[in-house]
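Chains as they are written, first to last, in UniProt numbering: chain L, 1 to 125; chain Z, 1 to 125; chain P, 1 to 125; chain W, 1 to 125.
Just so you know, the hints here were simulated from the structure itself, not pulled from any lab data. Note that the coordinates shown come from a computational prediction; the quantities given were computed from them, not determined experimentally. Incorrect hints may have been included.
Treat identical chains as interchangeable: a pair holds within one or across any two.
Okay, derived cross-link-like pairs now, DSS-like style, lysine-lysine, Cα gap no bigger than 30 Å in a straight line [as the list claims (entries may be wrong)]:
#1 K86 <-> K19
#2 K115 <-> K86
#3 K122 <-> K19
Number of protein chains: 4
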Amino acid sequence: MQTQVMENNSKGKGHVPTKMDQCIQNCLNCFRVCEQTLAEALYGNSQNFSQALILIKSCAEICHTSAKFMMMNSAFHVDTCGICAKVCIECADTCESLGDENLRECIEACRACAKSCNEMSKMSH
Amino acid sequence: MQTQVMENNSKGKGHVPTKMDQCIQNCLNCFRVCEQTLAEALYGNSQNFSQALILIKSCAEICHTSAKFMMMNSAFHVDTCGICAKVCIECADTCESLGDENLRECIEACRACAKSCNEMSKMSH
Amino acid sequence: MQTQVMENNSKGKGHVPTKMDQCIQNCLNCFRVCEQTLAEALYGNSQNFSQALILIKSCAEICHTSAKFMMMNSAFHVDTCGICAKVCIECADTCESLGDENLRECIEACRACAKSCNEMSKMSH
Amino acid sequence: MQTQVMENNSKGKGHVPTKMDQCIQNCLNCFRVCEQTLAEALYGNSQNFSQALILIKSCAEICHTSAKFMMMNSAFHVDTCGICAKVCIECADTCESLGDENLRECIEACRACAKSCNEMSKMSH
Numbered sequence: 001m002q003t004q005v006m007e008n009n010s011k012g013k014g015h016v017p018t019k020m021d022q023c024i025q026n027c028l029n030c031f032r033v034c035e036q037t038l039a040e041a042l043y044g045n046s047q048n049f050s051q052a053l054i055l056i057k058s059c060a061e062i063c064h065t066s067a068k069f070m071m072m073n074s075a076f077h078v079d080t081c082g083i084c085a086k087v088c089i090e091c092a093d094t095c096e097s098l099g100d101e102n103l104r105e106c107i108e109a110c111r112a113c114a115k116s117c118n119e120m121s122k123m124s125h
Numbered sequence: 001m002q003t004q005v006m007e008n009n010s011k012g013k014g015h016v017p018t019k020m021d022q023c024i025q026n027c028l029n030c031f032r033v034c035e036q037t038l039a040e041a042l043y044g045n046s047q048n049f050s051q052a053l054i055l056i057k058s059c060a061e062i063c064h065t066s067a068k069f070m071m072m073n074s075a076f077h078v079d080t081c082g083i084c085a086k087v088c089i090e091c092a093d094t095c096e097s098l099g100d101e102n103l104r105e106c107i108e109a110c111r112a113c114a115k116s117c118n119e120m121s122k123m124s125h
Numbered sequence: 001m002q003t004q005v006m007e008n009n010s011k012g013k014g015h016v017p018t019k020m021d022q023c024i025q026n027c028l029n030c031f032r033v034c035e036q037t038l039a040e041a042l043y044g045n046s047q048n049f050s051q052a053l054i055l056i057k058s059c060a061e062i063c064h065t066s067a068k069f070m071m072m073n074s075a076f077h078v079d080t081c082g083i084c085a086k087v088c089i090e091c092a093d094t095c096e097s098l099g100d101e102n103l104r105e106c107i108e109a110c111r112a113c114a115k116s117c118n119e120m121s122k123m124s125h
Numbered sequence: 001m002q003t004q005v006m007e008n009n010s011k012g013k014g015h016v017p018t019k020m021d022q023c024i025q026n027c028l029n030c031f032r033v034c035e036q037t038l039a040e041a042l043y044g045n046s047q048n049f050s051q052a053l054i055l056i057k058s059c060a061e062i063c064h065t066s067a068k069f070m071m072m073n074s075a076f077h078v079d080t081c082g083i084c085a086k087v088c089i090e091c092a093d094t095c096e097s098l099g100d101e102n103l104r105e106c107i108e109a110c111r112a113c114a115k116s117c118n119e120m121s122k123m124s125h
């Protein structure tokens, strides 16, 4: 790895930040603030509703992460799939409790995902 | 690349889907359905409000993508930064028009990001 | 939006950073450094090969972003799909030039994606 | 939620897929295939090296996810931070064992992130 990384290493400590470094920081900061602003707005809704929206958002996120861990055959997919199953089940249960027919597809997708993630989480490292 | 990919290639056409392949599909499907359900809920709000939330969500997304393109020094960062600047400006303008002091940090982060992304987008490929 | 955001706004300027704020920053910093380290390692490979890997990585990223913009019905999907088509074509062409049969599925997925993203990018805002 | 989702619900079962639905699927498929192709190429390297690259990639991913869970104040950040700490430590240890001075920043970022994520993971739900 020595040679590979060495040739192109311009991100080390002590290097003068370029305009691009600054732009990366601005992008990551804007990403963070936007995500937090959105979450705060979601929480601002009535209790049940806001909880469902944050769960749906969390569920999308952890499903995506678990898919990525499996796509790269990382041994840690066992852990991410374990959490994924938990979040999917809570998301499905919360959506179910709202009794909204339009959440049917979401509930079904969560149940199916929880089932297979649960199996994956039982594989040994 | 031949040898490198060949040894481990179990994802090609015609291979029998494993439980993990199925789990990846379930995760990606759940990710998609959750994202769409969330977006539909956001659109269900009153006009100005929903537009702002979707813009804030879009803004978070494209900022993240632009940061990633710059982190990997991809030549296409010129394109992603160009869109990023556009989305940041529209997001800031829309938030501004709501006259909500709590959106101040979001507006400022968007303006700062738009400014540096705009500069990046003018670099030649 | 006023009330919604106001009640829960603990991320504004001047607030004392909590342990969680610090953890968010540590996570985002680690995310950035890992992504850059990986990209540097990929660039460290022989010319054609490294270019293909960075293109495949860029392609995964922009496909994901375009999917998200469409999932949330953002008007900017026209822009993200436009870039997506460009990146997919360059990724497919570069992979094609390597003449590696194991890249076949990747090339086909890129071509199919480029085709439909190209159509999407021609829709007016 | 009824009214909110109902008005705009065009993604339910049985609806005819639009060109955009198809484009979303093509994007997600291309995303999946590209990620898998990249991972296979990384695994194709010599043993230690490939393990480090996959760990660095996993680490970037889970750091990003943990940041997102904390940004949205999801109760499940306790779980994601727990895994994040585990992955960061393994990533730092593996990078350390390679004895490459250019991985110094990555190792430090991982250690700092592991420390604060570990604290977060001990908070009760």
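Hints, one by one, checked against the model:
1. K86 <-> K19: between (42 Å within a copy, 19 Å between copies)
2. K115 <-> K86: both (10 Å within a copy, 25 Å between copies)
3. K122 <-> K19: Classified as between: cross-chain Cα gap 12 Å, same-chain 47 Å, threshold 30 Å.
In summary, this structure violates none of the numbered hints.
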